[in-house]
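Undergrad: Each chain is listed here by its residues.
There are 2 protein chains.
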Amino acid sequence: MQAAELDVVGIGNAIVDIIAHADDAFLDRHGMQKGAMTLVDEARAESLYDAMGPAVQLSGGSAANTIAGLASLGARAGYIGKVRQDALGRIFRHDITSAGVDFPTPSAQDGPATARCFIFVTPDAQRTMNTFLGASVNLSPADVDEDLVRSAKIIYLEGYLYDPPHAQQAFHRAATIAHGAGRKVALSLSDRFCVERYRAQFRELASLHVDYLFANESELTALYETDFETALSRVVEAVDLAAVTRGAAGSVIATKSSITNIHAVPVDRVIDTTGAGDLFAAGFLFGLARDRAHVECGRLASLAAAEIISHYGGRPETPLKDYVAARA
Amino acid sequence: MQAAELDVVGIGNAIVDIIAHADDAFLDRHGMQKGAMTLVDEARAESLYDAMGPAVQLSGGSAANTIAGLASLGARAGYIGKVRQDALGRIFRHDITSAGVDFPTPSAQDGPATARCFIFVTPDAQRTMNTFLGASVNLSPADVDEDLVRSAKIIYLEGYLYDPPHAQQAFHRAATIAHGAGRKVALSLSDRFCVERYRAQFRELASLHVDYLFANESELTALYETDFETALSRVVEAVDLAAVTRGAAGSVIATKSSITNIHAVPVDRVIDTTGAGDLFAAGFLFGLARDRAHVECGRLASLAAAEIISHYGGRPETPLKDYVAARA
Numbered sequence: 555m556q557a558a559e560l561d562v563v564g565i566g567n568a569i570v571d572i573i574a575h576a577d578d579a580f581l582d583r584h585g586m587q588k589g590a591m592t593l594v595d596e597a598r599a600e601s602l603y604d605a606m607g608p609a610v611q612l613s614g615g616s617a618a619n620t621i622a623g624l625a626s627l628g629a630r631a632g633y634i635g636k637v638r639q640d641a642l643g644r645i646f647r648h649d650i651t652s653a654g655v656d657f658p659t660p661s662a663q664d665g666p667a668t669a670r671c672f673i674f675v676t677p678d679a680q681r682t683m684n685t686f687l688g689a690s691v692n693l694s695p696a697d698v699d700e701d702l703v704r705s706a707k708i709i710y711l712e713g714y715l716y717d718p719p720h721a722q723q724a725f726h727r728a729a730t731i732a733h734g735a736g737r738k739v740a741l742s743l744s745d746r747f748c749v750e751r752y753r754a755q756f757r758e759l760a761s762l763h764v765d766y767l768f769a770n771e772s773e774l775t776a777l778y779e780t781d782f783e784t785a786l787s788r789v790v791e792a793v794d795l796a797a798v799t800r801g802a803a804g805s806v807i808a809t810k811s812s813i814t815n816i817h818a819v820p821v822d823r824v825i826d827t828t829g830a831g832d833l834f835a836a837g838f839l840f841g842l843a844r845d846r847a848h849v850e851c852g853r854l855a856s857l858a859a860a861e862i863i864s865h866y867g868g869r870p871e872t873p874l875k876d877y878v879a880a881r882a
Numbered sequence: 555m556q557a558a559e560l561d562v563v564g565i566g567n568a569i570v571d572i573i574a575h576a577d578d579a580f581l582d583r584h585g586m587q588k589g590a591m592t593l594v595d596e597a598r599a600e601s602l603y604d605a606m607g608p609a610v611q612l613s614g615g616s617a618a619n620t621i622a623g624l625a626s627l628g629a630r631a632g633y634i635g636k637v638r639q640d641a642l643g644r645i646f647r648h649d650i651t652s653a654g655v656d657f658p659t660p661s662a663q664d665g666p667a668t669a670r671c672f673i674f675v676t677p678d679a680q681r682t683m684n685t686f687l688g689a690s691v692n693l694s695p696a697d698v699d700e701d702l703v704r705s706a707k708i709i710y711l712e713g714y715l716y717d718p719p720h721a722q723q724a725f726h727r728a729a730t731i732a733h734g735a736g737r738k739v740a741l742s743l744s745d746r747f748c749v750e751r752y753r754a755q756f757r758e759l760a761s762l763h764v765d766y767l768f769a770n771e772s773e774l775t776a777l778y779e780t781d782f783e784t785a786l787s788r789v790v791e792a793v794d795l796a797a798v799t800r801g802a803a804g805s806v807i808a809t810k811s812s813i814t815n816i817h818a819v820p821v822d823r824v825i826d827t828t829g830a831g832d833l834f835a836a837g838f839l840f841g842l843a844r845d846r847a848h849v850e851c852g853r854l855a856s857l858a859a860a861e862i863i864s865h866y867g868g869r870p871e872t873p874l875k876d877y878v879a880a881r882a
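Sequence lines, in order, name chains A and B. Just so we're aligned, residue 555 is where the first sequence starts under the numbering used here, counting upward by one. Just so we're aligned, residue 555 is where the second sequence starts under the numbering used here, counting upward by one.
Hints are not guaranteed to be accurate.
Note that the list lumps identical chains together, so a pair holds whenever it fits in one copy or between two copies.
[Claimed, not checked] Derived SDA-like pairs: lysine to any residue, alpha-carbon spacing no greater than 25 Å straight-line:
#1 K588 with T872
#2 K875 with D822
#3 K875 with V824
#4 K875 with I813
#5 K875 with P719
#6 K810 with E850
#7 K588 with H648
#8 K810 with R881
#9 K588 with R630
#10 K875 with I825
#11 K875 with S864
#12 K875 with S694
Don't read these hints as lab results, they were simulated from the structure. A quick note: this is a predicted structure, and the numbers were derived from the prediction, not measured.
Work out the full structure: start from the sequences and follow the hints.
TA: In structure tokens, the structure reads:
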């Protein structure tokens, strides 16, 4: 087995976030499920944008946020995802490559526009997401750069990838290449409703292809349709390690032989929870890739999540390497 | 004289900001004048973007920030500025109209792309701006909607408007319409280097057409090429009122008969000074349009500026009406 050149390669839906405030009445009026990620078509995307208040645009995408977070921590990272060659695609590519991430996936020259996610942040700092998948639906197995996947210690896949039509195959191809090269495969369950859409597939995937699983409590209990304790005991039958977040209550790291509770890192004021899970995964994966103890992985994860929830958007505002060093 | 329907109408370069961190060495390496607004051509814009780190996109433009701030304070406001019909133009139009601002200027169907400003924020929270004027160069006198200008108590013009070729005429047309309708004309000096480019014109403008002048200390002393005290005495010979900001030292309101010092509103942490002057003007103009005492205008100005420097970008994150009410 060749030495890995990269720490982590992520595969996901390449999305630009459009973030604005809204109150709960707005969510109700527009029939939104608070806290969830809902897929929308272009017409709905347009009408939501028309209804939305003044917004901020920045790169997003769950696995892309994680990979940008890893780069910000000092990791060597790569990303696979599909944008179109358009203004938002340019923004996405700029942000991830200027973070130092290897992003070899070519932009689509035609077809749907670059994916965007309309995120409404309520006064409780909760985010409600409406995703127009756009060019992401054209991610295909051919986009899974074999050399890139083989070059990373860990390949990280977002559950949201089950939504676009060909991405499941891309997902499986990546996992097969990674394991064939002796690498590890990590999966994020992404969203409770995503788990409900693909429960059977995610359970099979966890058993057959996943070494490290990331989820929040609600996603994990949705996966096994049971209570938290039972779900924890089930998940470690399937995977080597599960890192499960519980918001302000911290997180739980479960393996076949241990359960470890990690405290959340308190922040002065939670502004926007967009990217909290993504950045938790970034910190944890950084620790795993650098062979740190699980407790230290959890501490890095909590710190990265703390940085991201103290401002808008799912990409770090402060270099995470500095943020972590200042809190060592 | 008909009763005014709007409080303020602003005219300016319609710009989308692209904001990223940089250190002082980056500014030096790229030959930037720290704290200034420098005009760049498209090739330079592209190379700066390539060199820039991960960024955040949000609507900007000096007068547009002021007008968005006024709307956020609860004012009825309008804006005149030129974007192209493209992705950034859509963002600009969305943000200002969804803030409740009347924005009748049609988008250009061809010609240069929507203007963008590459803003580098250094660790001292100072911002250094590089503006590609793009579609703003096509703002013309015909874009000055006579009914809109006549409908506002105050017309607010940014000094930056002297950079694009036809905007000076638009500027003069607006001032003439406003005064013809018995309205007031306000001018922001915008930037020290902008003052140096158009010193003679700005002095003439101030004497002949301007009722209220907004500037920072450095712009005002550049206008009269003298010390601060002398410049203050000169400016009130030309205009009815000058509101001059001095950063953390607060601001000075000068009229022919009085000088009033206003304290800055302290913030926990200054993140990014982008828009500080623009939002100071927003608060002050709100007070003027609502016939408040100058001291109260200054207090509103300081509060609006305090909100804007506590986060990235020049558009309010918190509704200013609420921000002000919470600090009454």
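Undergrad: Please list, smallest to largest, the hint numbers that this structure does not respect.
TA: Numbers 4, 5, 8, 9, 12, in rising order.
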